[in-house]
Amino acid sequence: FDGALNVDLTEFQTNLVPYPRIHFPLVTYAPVISREKAYHEQMSVAEITTASFQPENQLVKCDPRNGKYMACCLLYRGDVVPKQVQSAIATIKTKRNIQFVDWCPTGFKIGINYQPPTVVPEGDLAKVSRAVCMLSNTTAIAEAWSRLDRKFDLMYQKRAFVHWY
1 FDGALNVDLT EFQTNLVPYP RIHFPLVTYA PVISREKAYH EQMSVAEITT ASFQPENQLV
61 KCDPRNGKYM ACCLLYRGDV VPKQVQSAIA TIKTKRNIQF VDWCPTGFKI GINYQPPTVV
121 PEGDLAKVSR AVCMLSNTTA IAEAWSRLDR KFDLMYQKRA FVHWY
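If you're matching positions, the sequence shown starts at 1 in this note's numbering and goes up one per residue.
Worth flagging that the hints you see were computed from the coordinates, not collected in a lab. Each residue gets a CB set at the ideal place from its N, CA and C atoms; glycine is no exception. One or more hints might be untrue.
Ranges of calculated distance between the beta carbons of each label pair, as one might list FRET restraints [what the hints assert, rightly or not]: (1) SER87 - LYS37: 23 to 33 Å; (2) LYS158 - TYR114: 36 to 46 Å; (3) GLN86 - ALA160: 45 to 55 Å; (4) LEU154 - SER129: 24 to 34 Å.
Build the full structure now, drawing on both the sequences and the hints.
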């Protein structure tokens, strides 16, 4: 696809995973807005970048404010200019409400694709001119794993599904 900054999948592993055992990315997508809301709302690059760090836009339920980021890859689609992206990231870095680990450089991997975001025909999501998908490596993902571990232990105590093994 045509874009100012193209990235491929092999770069994700290089940029997101500092150590082989720390390899559980958190995926976030923004904006997630309905058709009705999109008629009177058009989000800027800075707004969708900020929204990508909000818990309500994540695909896994955990609170990133309780953890620290090791790395972030931001993949933009649509009407996005590199200068706007750099400005949005500079704003995020200066706010300091997003914490990074101190043993890893606080770089952001950026990808820009000029193709507009695609939507499902007759779907609930609005057609927007720009969107961002963020893949991040954060310690907050441990919340999801501990929740899953707790649920497994509850099921195992009752010996649920054990007869299949």
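The hints, checked one at a time:
{"no.": "1", "hint": "SER87 - LYS37: 23 to 33 Å", "in the structure": "holds (25 Å)"}
{"no.": "2", "hint": "LYS158 - TYR114: 36 to 46 Å", "in the structure": "violated (53 Å)"}
{"no.": "3", "hint": "GLN86 - ALA160: 45 to 55 Å", "in the structure": "holds (51 Å)"}
{"no.": "4", "hint": "LEU154 - SER129: 24 to 34 Å", "in the structure": "violated (45 Å)"}
Violation of the numbered hints given earlier is confined to hints 2 and 4; the remaining hints are satisfied by the structure.
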